[in-house]
Amino acid sequence: MKKLNVVLVLVLLMVAGIPAAFAQSRTVSGKITDASGAPIQGANILVKGTNVGTTTNADGEYTINVPASGNTLVVSYVGHATQELPISGRNNISVALIEDTGELERVVVTALGIQKTQKALGFSQTTVGGENFTQAREISTANALAGRVAGVNVTKIASGPAGSSRVVIRGAKTLGSTLNQPLYVVDGVPIDNSNFGQAGVWGGADQGDGMSSINPDDIESMTVLKGAGAAALYGSRAANGVILITTKKGSGRKGIGVEVNSNYVFEKVNNLTDFQTEFGSGGLVNPTGTSGLSTQVPKFAESIEEHWNNWWGLSAWGPRLGTGQVVQFDGVTRPYTYKGDNWDRFYETGNTFTNTVALTGGTPEQNFRFSASSLQNEAVVPNSGFDRINLSLSANAKFAKRFSLNTKVLYSNEKAKNRPNLSDSPGNGILTLYYLPGDVDVRDLLGDPKKPGAVPSGEQQAAQGLTIFDGKPPGEEFQINYNLWTQNPYWAAYQQINTDTRDRVIATGEVRYDFTDFLYLSGQAGMDWYTLRSTRLTPQGTGHNRGGQMSELENRTREINLQYMLGFNKTFSKIGVNAFIGGNRMRRQSENMSLDGTNFNLAQFPAITNANLKSYGYGFGKNGINSLFGSVELNYNEYLFLTGTARKDWFSVLNPDDNSILYPSVNASFVFTDAFDGLPSWLSYGKLRTSWAQVGNASSVSPYSTKLTYAASLTHLGLPLAGNTSGTNLPNFFLKPFTSTETEFGIDLRFFQNRLGLDFTYYSQKTTDDILNAAISRASGYTSHSVNLGEITNKGIEFLLTGTPIKSEIQWDISLNFAKNNSNVVSLIEGQKSLSGEEPRTRTVLISHIVGYPYGMITGISQLKDPATGLLVYDADGAPVTDNSYQILGNGVPDFTGGLNNSFTWKNLNLTFLIDFKSGGDIYSGTNVRMTQDGFTKQTLKGREGEEPLTVTGVTDDGAGGYKPFSKTLTPGEAANYWGKLGDRASENFVYDASFIKLRQVTLGYQIPKKILSKTPVQGLMVSFVARNLAILKKNTPNIDPESSYTSSNSQGLDYFGFPATRTYGFNLRATF
Amino acid sequence: MKYIKRLIIGSSILGIIGAGVGCNTDELKGLNVDPQALDNVDPNFLFTSVELGTASGGTAGDNRYIDWRTNINFAAYAIQQLASTGGELGSRYVESGSTFESSNAPFEFIYGDQLKNISVIFKLTGPGGAYEGQFNNMVQASRILRVFLYHRLTDYYGNIPYFEAMQADSGVYFPHYDSQELIYQDLLNELDEATAAITDPTDALGEVELTAMSRADIIFNGDLDKWRRWGYSLMLRLGMRVADVKPDWANTYVAKAVAGGVMESNDDNVFIPTAEAPSLWTNQNGISRAFIPGDGGQSSLVSETLVNVLKGPNAASTADDDPRIMVLLGGIGAWTPDGFDPIAGGTDPLNQKGMPVGKTQNDLDAIEGHVVDQNLTYSRINPKLLDRAEPYMLMNYGEVELYLAEAAKRGIGGVDPGSAATHYNAGVKASMQMYTPYDASLTVSDQAVADYLAMFPYNDATALEQIGLQMWLNHYLNWWEAWSEWRRTGFPVLTPVNFPGNSTGGTIPVRLKYPGAEVGGNPNFAEGASPNDYTTRVWWDVD
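If you read the protein sequences in the order shown, they are chains P and F.
Counting from 1, one number per residue, gives the positions in the first sequence under our numbering.
Counting from 10001, one number per residue, gives the positions in the second sequence under our numbering.
Calculated from the structure, these hints are not laboratory results.
Quick caveat, the model's predicted, so the values are computed rather than measured.
It is possible that part of the hints are untrue.
In silico lysine to aspartate or glutamate, EDC-like type, Cα no more than 20 Å apart, as pairs [stated by the list, open to error]:
| id | chain 1 | residue 1 | chain 2 | residue 2 |
| --- | --- | --- | --- | --- |
| 1 | P | Lys299 | F | Glu10368 |
| 2 | P | Lys622 | F | Asp10039 |
| 3 | P | Lys707 | F | Asp10026 |
| 4 | P | Lys833 | F | Glu10527 |
| 5 | P | Lys622 | F | Asp10034 |
| 6 | P | Lys622 | F | Glu10027 |
| 7 | P | Lys299 | F | Asp10373 |
| 8 | P | Lys622 | F | Glu10527 |
| 9 | P | Lys472 | F | Asp10338 |
| 10 | P | Lys707 | F | Asp10169 |
| 11 | P | Lys648 | F | Asp10026 |
| 12 | P | Lys614 | F | Asp10062 |
| 13 | F | Lys10029 | P | Asp470 |
Residues of chain F clear of chain P, computed beta-carbon distances all greater than 12 Å [as the list claims (entries may be wrong)]:
| id | residue |
| --- | --- |
| 14 | Glu10027 |
| 15 | Glu10181 |
| 16 | Lys10226 |
| 17 | Asn10251 |
| 18 | Lys10256 |
| 19 | Ala10275 |
| 20 | Asn10308 |
| 21 | Ala10440 |
| 22 | Asn10459 |
Yeah, the Cβ is synthetic: ideal placement off N, Cα and C, and Gly gets one too.
Using the sequences provided together with the hints, build the complete structure.
In structure tokens, the structure reads:
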């Protein structure tokens, strides 16, 4: 009922105001062009001091009804200086806008959708125009922010096209379970960006996140509210920054405007491996009568028994390739020679085809935009991909001059087909591909061509002379090894299923009533609602799960926000006041249901009803936040601005006796070039800004998580099995959201008529009361306990340099951004020095947050050193001796990030490229550990027969409690033993500097001249060559991409057989009618 | 004026909305009640969880993990009943990435599941608890289970957190380590108190409580005599375990155990029933799952050491075979998800053949003189012992009699030295006849037992070795206990493997390592923990 009340009251208010407002107004029209006289489409026309506005059509024309009180029009457009034009009784006002690379006067969207001029902002925020996402595309638009905004660290996870992304702004704020991801707000509606699952130590797939729903063609702009100052009005949801997505809307125009965009790109695997191809499958064995490592010699399988029983299928410790006949996993004898690149044979050329049609039309008062878009993706892993359909409708209306209504509905349907398994092996075909020795051709693993990856039929077995060593019947997995977890890559791709569909509606309706030209009331209702439906299948006959397993899952999530705001905006002589108060009511509910089945009754018939053992799962969570907020901005003479804001949030999830938190902020900006006369003429503009704010993170406390409760969800022999519901985590009744306090200073300078600009920010952020799911001793009964004890700081600088070095027939625009963030873990639970995160499957490395060190250190067990001499300790065989304790080996998070954007325009040609870079981070490569253990990496050539010898020098146990000098040139057996143990005992050898420079994006566009199109209905046509991730210009990680993290969790810097790196390139075509 | 009027109207309406939308928090408070959970739960339900969990860590939702990692992949190889060309730590004493899991599993599962649930039972029935003072017998049974779990833990690791453990909800997140000696002292005392505190119901309320317990108790269905007998049998086991380091404790508690009444027949055996459904991860037998082809799929091939013992001194004759030979062994042949498929003659006791321990495939090929197909060459565990719903044994009567035989032989606890042979014979008989619950066809006749004992009678001169060997055989499938007994007695004498690059200097590991998270994460670790290697003996393990 309350919801209805709000709407009713607002409607009543508006109706009451209509008669008064209808009276004296006038219609003004005109044309807005650029300096060359070309019409500008989409320029904003606003009656100063009101919310009355419109935008220009494709011909640059506009018509606007100016209320009686209006006497000035404000005309603005991206990249151009805003102009204020007195109406002075005119009915036709046209103007040419002058380009303004500084965008200083530009009206920008700030928190809660409030529009302000850039100069009024006392904090840093950055807007990226939608055109940056629509040519060279990413399926999830969050990934397209990489390198664009100083201080925004975007990591695309090595998990394939439908995977999730990790966007961290100004460093991680929490060590807790929340993912340090910003709040995404689409047209004023906070949307859910939940992560639906990540690969972990035991494998698994990246189940994607919320941002993949958004169609880049609908995006007008993305604004990154980086710090607490910019995001303060979002209170308890702002700690990780906020990204505002403004979608496109309609404008008044003659007839219907049609815009068509088609994009087709290819995707190819960028194989970064550089493995040895000299030695093939096999292992080291002792000739009869000998024992010990030193006499071992390499050997390959000469019988199928030898192959299987030695587990030689995935080991490259055999003899030198070139002579002899090897018996392989299927009993077939093949030449023991290098068979070529298996990646090339297995991976396909992916492609993504996106088509969007957008229609706009209507009058300046009532208009709409409708778009329909379809994306079809086939990934490089066979039989997988991602499809998406987006529909969007935006309708805006003004009634009776003072009453405006804006509605938007975005619908998306996403279908992810077969998200690949990563990390540990169950189902990870990518891993198997790495492990194939040089003498194996992956195509021999295909098996039954009608059922790829399955044991072929009896006839086919006979025809090809196959022996199925493990006796599996036709139709079950064609195994290559006794290791049941080694998945046949074809079986993984074609027989396993991990598919999901999400239907999602993001809808918002906003009504606004302007009482006067300085007082308005607005109300907004927004909803994000989706259903995610997944099917996961491990088919009957799979090696590690012969009975088979299946899950049917459904997740339904809905968040509704109701918000109202009363605003005041007036200038009294030299003092301007812009203030508002308002409230918000948030309710979120998430429910998930799952049906799980194991062991199919009828073989090879994957249906949940066919499962022999069935169980179900159910999860439910509901929470709410009520808020009141307000903001006052005062300005003196439009060059000195002072703003204060406050938001108080009441939480359902907290201790009811103490369930609210106040989030304050203040900021100031001073445009000294406007304040002082007599400054040098080369200084075009100068502004100083500062802010202080406190924000929080509500999602860090989930519903029902503050109490120890019990349930009996399992049964045994019909009896309930009770246990505590929080599993291994001990809840805390007094838990509250963590707080982030941030101070920021900045300066914004423009020189030489804005040809050169510098924007510099320094910030100092501190998280207090951080929620630590602190690792506690297993012996305490739990593995973790949620406590508000952590403190972490982030201090950093952000630079944005923009310039136009050439501005003639050729224009060259360049923009360089970079940011340095120093994080520091100040405190954890008393007495605790470190908090452990995730570990990779090698289980010798842990991501740890260590007091006095930056966030996210990589620690691992290392080779023991003689404390007296510092020399490395070896055992008698020359293998490393481990110290068994976790040493700090690196930092999984880069501290220096940035991007270089270049744009060259010559006549109708435009070339842009984006180079981005990161440094200061490291990555632990489990892939390299395993590939070294089993003789694949090139370094393992050392010590083999006929190769460079391997000599280890250090110390060894002297048998008397000390160490003695030791040096040994290893025999092939000892060398294989050395490489086999190196990763397990000395993980420091596999931590690499993850710095990189990448050529992230290139576009080359050609605008077909109007002359050519004049006889056609086409008004504009642009064709572009587009490419993403074309080249890695610099990296230090052998065999892997430095961006190989398999998880978007807080444990960054772990690589273990993730999705291979890819590059995409293709064409984009945009036509307007 | 008109603006002011509108402003007043607008503001007052806003005020009304504000009261509803903004800070009205009563409704908010009502939102935070989980419709799927309770503040208190009937402790009997937790008791069932504890019992099931004590088999394979069941309720933690991954029942095959702990058996797979530690019982099989470590202990069964180390104690040389199974053999494999894999299994690094157990068969070759070589440390690698996956061997950490063998070491970690008991620490992670026993503390994190069963002991935690027991602590909740104590909290709910203790002072101030929702069930304060109720369910006395179930609480005493929980104490016995707690002793069983802690003694296993300390036997694997040595010093462990004990007195301060399980108190996270009182703010003890990093419990101190206690010496094994102090832990044993308390465990023995706990058994003393718990067995004494088991009370037959004397009133209607007591009957109601016992009815509730008998429903929840999947081990003994509330049979209090059986609980007492298990409690005293456990006291016997623990007493004997410290016999070499604390003879006076051994005397005291063995005597107490005998006086209190230990197990009397295989009917007293502690079996946890498992079930096929509803979830393979919770309800099934974890040992079976670890081996079942297409599930865990671990190699189920047995060792040469074991087969030679079962075949007796004359391998060419079945006359001197242990009657268990074709109970413990299924024969030679492939075991696939479709069933066990013996080779021709594969189930003939004469043809049984175990795999030499600690070998590589290459070694086996060299021994046999041809390329060996392990599955068709060596005997395997009887698949009839490895059904998905097989009962999971924690302790048995045969073991108790063998302890009594040893106590008699060594004169511990006042057990009549003259009764050693009787106890030995009873122990062997019970051990041989305890497999009927797995499969009716696995019954060994009284005659077969008698023939065996006639052929290999109790011999006072070699009694300890005989008892040790029988204990070793008794603990088939219960390899971690076999490993503990072997550490204590040194019997049977096993020849260690000396594999290149091993981590123990060629000796069988005598303890597990603590989990890395505990080593690095518990600030109290350095103070009282045992040396973190595989070669430092635990307190009771002396020559």
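Numbers of the earlier hints that this structure fails to satisfy, in rising order = Those not satisfied are hints 8, 13, 14, 19.
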